[in-house]
Amino acid sequence: MDIDVIISDKPLDIMACVGQVTRPNAGGIDVFIGTVRDATQGKAVLRLEFEAYQSMAIREMRRIAEQAFAKWPVHAIAIHHRTGVLQIGEVAVVIAVSAAHRAAAFEACRFAIDTLKQMVPIWKKEVFEDGEVWVAAHP
Amino acid sequence: MDIDVIISDKPLDIMACVGQVTRPNAGGIDVFIGTVRDATQGKAVLRLEFEAYQSMAIREMRRIAEQAFAKWPVHAIAIHHRTGVLQIGEVAVVIAVSAAHRAAAFEACRFAIDTLKQMVPIWKKEVFEDGEVWVAAHP
Amino acid sequence: MHINILAFGIAKEICGGSTLQVEVPDHATAGELKQLLTEQYPRLGGLSSFLLAVNEAFAAPDTPLSARDEVAIIPPVSGG
Amino acid sequence: MHINILAFGIAKEICGGSTLQVEVPDHATAGELKQLLTEQYPRLGGLSSFLLAVNEAFAAPDTPLSARDEVAIIPPVSGG
Numbered sequence: 001m002d003i004d005v006i007i008s009d010k011p012l013d014i015m016a017c018v019g020q021v022t023r024p025n026a027g028g029i030d031v032f033i034g035t036v037r038d039a040t041q042g043k044a045v046l047r048l049e050f051e052a053y054q055s056m057a058i059r060e061m062r063r064i065a066e067q068a069f070a071k072w073p074v075h076a077i078a079i080h081h082r083t084g085v086l087q088i089g090e091v092a093v094v095i096a097v098s099a100a101h102r103a104a105a106f107e108a109c110r111f112a113i114d115t116l117k118q119m120v121p122i123w124k125k126e127v128f129e130d131g132e133v134w135v136a137a138h139p
Numbered sequence: 140m141d142i143d144v145i146i147s148d149k150p151l152d153i154m155a156c157v158g159q160v161t162r163p164n165a166g167g168i169d170v171f172i173g174t175v176r177d178a179t180q181g182k183a184v185l186r187l188e189f190e191a192y193q194s195m196a197i198r199e200m201r202r203i204a205e206q207a208f209a210k211w212p213v214h215a216i217a218i219h220h221r222t223g224v225l226q227i228g229e230v231a232v233v234i235a236v237s238a239a240h241r242a243a244a245f246e247a248c249r250f251a252i253d254t255l256k257q258m259v260p261i262w263k264k265e266v267f268e269d270g271e272v273w274v275a276a277h278p
Numbered sequence: 279m280h281i282n283i284l285a286f287g288i289a290k291e292i293c294g295g296s297t298l299q300v301e302v303p304d305h306a307t308a309g310e311l312k313q314l315l316t317e318q319y320p321r322l323g324g325l326s327s328f329l330l331a332v333n334e335a336f337a338a339p340d341t342p343l344s345a346r347d348e349v350a351i352i353p354p355v356s357g358g
Numbered sequence: 359m360h361i362n363i364l365a366f367g368i369a370k371e372i373c374g375g376s377t378l379q380v381e382v383p384d385h386a387t388a389g390e391l392k393q394l395l396t397e398q399y400p401r402l403g404g405l406s407s408f409l410l411a412v413n414e415a416f417a418a419p420d421t422p423l424s425a426r427d428e429v430a431i432i433p434p435v436s437g438g
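Residue numbers (our numbering), protein chains in the order written: chain A, 1 to 139; chain B, 140 to 278; chain C, 279 to 358; chain D, 359 to 438.
No lab work stands behind these hints, which were simulated from the structure alone. What you are looking at is a predicted structure, and each value in this text was computed from that prediction instead of being measured. Some clues are possibly wrong.
[Unchecked claim] Which chain C residues stay away from chain B? Per the calculated CB distances, all over 12 Å, these:
1) H280
2) A289
3) G294
4) S296
5) Q299
6) V300
7) E301
8) D304
9) E310
10) L314
11) T316
12) L325
13) T341
14) P342
15) P353
[What the hints assert, rightly or not] What the simulated footprint calls covered on chain A by chain D, stretch by stretch (three residues with Cβ under 8 Å from a Cβ of chain D suffice, anywhere in the stretch; the number is not a length):
16) 34-40
17) 102-113
Here a beta-carbon is modelled for each residue, glycine too, at the ideal position from N, C-alpha and C.
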């Protein structure tokens, strides 16, 4: 299985992620790019801070890619996640999936980001003008 | 509606397409990249040739983007299609969709490529060692 | 009246060029022109499907034609 | 036995640091440790949820603990 997983505190390179899954036998690549939004529920966000349980997060990201390989006929999967302080518009996550046919690429990519958000031990703190909130921490 | 449609006989620039839809209020961008596969139904492909009814294709691509805006809460859509002779691995189409939330970006992007393949007057000829075939022309 | 027609993809090969001229009765429809083209170029009938576009939009069979229209033969598309 | 525990995100703030040591009975389970942590740091109980990871994998309540395990408090994740 052709899996590339990275957690980095440096800016992510979208084309490097795409390049990791480009194959001559792939007809379609789906790429999801998660960026830092300037507001949440109508409130202006100044910046985000991402913290990861790095060793476990790498394991979980790899496990998600393995599950996607088991579910769909895909050629390669790359999952790159950023940590540290991110400004508005910066890229927090890039997921690229290549496949012979596009349906598998779309479905595996969607599965990967949905599952990452549920399972991977990474935490996001939203910093506002008047305070900070760990996202999803409280009901 | 924030729509960017291009048909070009020059190599497509994936990051230029992504850049067209990047917005501070977008949290997710889905990108589909269609590349030239090295084989079709087990037969080696040497290269592809794309021909477009350019003026109508531009109209139809724009109409697809407008339909996507009507169906999903998306921020911006870019659809770039290549024409002319393409070698294996080259990029034939790039579609990028940004939205506040990822579900809309994924669904609108999938809709755009599916509908493009059904409706946009662009034709692909596969060139093999021993001949050429206009894709989908015959039953 | 004379109708100028654009042909693309495999239709260009079947019709022997990227433009052709066809003579149709005044007030002819897209459906009638399609019928006439199929008679003149029987291999068009062997395609998975083919549509006509009139002024850069897919035309219904009852779309009326005029001599100034841009008409195109659209064989099965395969972009993307 | 002593168990060394990593705390992340809001758990780091609630527990007052990114590592802590907790004394548990020999043969304690992850479920028992979770109970003990909730008593010691009541604000953990106010989270939407929290899980324990043992040796970098999510732990079921009956997972047995040993002194050499790497245990982590995993508050609700929010990556991506």
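For each hint, the structure was consulted:
| no. | hint | verdict |
| --- | --- | --- |
| 1 | H280 | holds (21 Å) |
| 2 | A289 | violated (9 Å) |
| 3 | G294 | holds (15 Å) |
| 4 | S296 | violated (9 Å) |
| 5 | Q299 | holds (18 Å) |
| 6 | V300 | holds (18 Å) |
| 7 | E301 | holds (23 Å) |
| 8 | D304 | holds (25 Å) |
| 9 | E310 | holds (21 Å) |
| 10 | L314 | holds (21 Å) |
| 11 | T316 | holds (15 Å) |
| 12 | L325 | violated (6 Å) |
| 13 | T341 | holds (15 Å) |
| 14 | P342 | holds (19 Å) |
| 15 | P353 | violated (6 Å) |
| 16 | 34-40 | violated (count 1) |
| 17 | 102-113 | violated (count 1) |
In this structure, the hints that do not hold are numbers 2, 4, 12, 15, 16 and 17, in rising order.
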